[in-house]
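Visitor: Just need the whole structure built from these sequences, with the hints factored in.
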Amino acid sequence: MKYINHTIRHFERFWLLHHRASQSARLRQIRPLPWTSATALIVCALILFGVLIARRLEYLIGIYAVLLTCAYLLRIPLKELIQRNLVLVLVFVVPLSLPAIFVAIAGGTPLDSWGIFSVHGIQSFLIISTRALCAISLVQLLIATMGVPEILRGLLQLRVPASVVSLFSTMWSYLHVIGREAHSMASSLRARTISPTGIRRAYAILGVQGSVLLQNCVHAAEATHRAMLARGF
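If you count the sequence shown from 1, position 190 lands on 456 in our numbering, and the numbers rise without skipping.
SDA-like cross-link-like pairs, simulated, lysine to any residue; straight-line CA separation at most 25 Å:
id	residue 1	residue 2
1	Lys345	Leu323
2	Lys345	Met412
3	Lys345	Val357
4	Lys345	Pro361
5	Lys345	Tyr325
6	Lys345	Val332
7	Lys345	Ile313
8	Lys345	Ala331
9	Lys345	Ala452
10	Lys345	Ala448
11	Lys345	Thr411
12	Lys345	Ser395
13	Lys345	Val405
14	Lys345	Leu314
15	Lys345	Arg446
16	Lys345	Val360
17	Lys345	Val359
18	Lys345	Ile409
19	Lys345	Leu392
20	Lys345	Val355
21	Lys345	Tyr330
22	Lys345	Gly328
23	Lys345	Thr335
24	Lys345	Ala401
25	Lys345	Ile402
26	Lys345	His449
27	Lys345	Ala410
28	Lys345	Gly445
29	Lys345	Phe358
In short, the hints are calculated from the structure, not lab data.
Guide: See below:
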């Protein structure tokens, strides 16, 4: 519990100093939620449960529209929110769920005469992608309106085990370390190089930066794991 309280105070100082650095500077004037932390977490958990059990694409699109409406009412820039959501979905979700559109993997009725794409597979791909889009939007709204310190307090108010809350705080610290590392690498690259002249050079630079970032992620993960073991996980 002492470690959790120390982590919460650390995040509060970080949030106050950097104006919620996990979000854009344009998110500074958001309207706070008129609820307690525990109530907000319960509402978000219910929405997330609805996202997980929804089996029709229309329902998921409706939930996403409701989330965007909430973001607008909370004065969160919709353009930036949608861009972040799409980037995360395209990078992490689409590559994993895209093979499901092929008949050879998903089976079902072929979409065309060639028998390559599956109708059921395409529907599953759209549902998975939209479900991930809703979940990511919900998490971003929660962080933007409450901040990590309030989320941790809300979890403690809901009687979540202290070890689980401590695990979440450690994971969030790890994500901040990776984010700062990626931002530092991007700033260093812009300061030392000129814009690439061709697509091959651009991909080469991106590959080198990605491999270095992956190596740094592994080192940071090892350090985080050792810290968790030292705290009794």
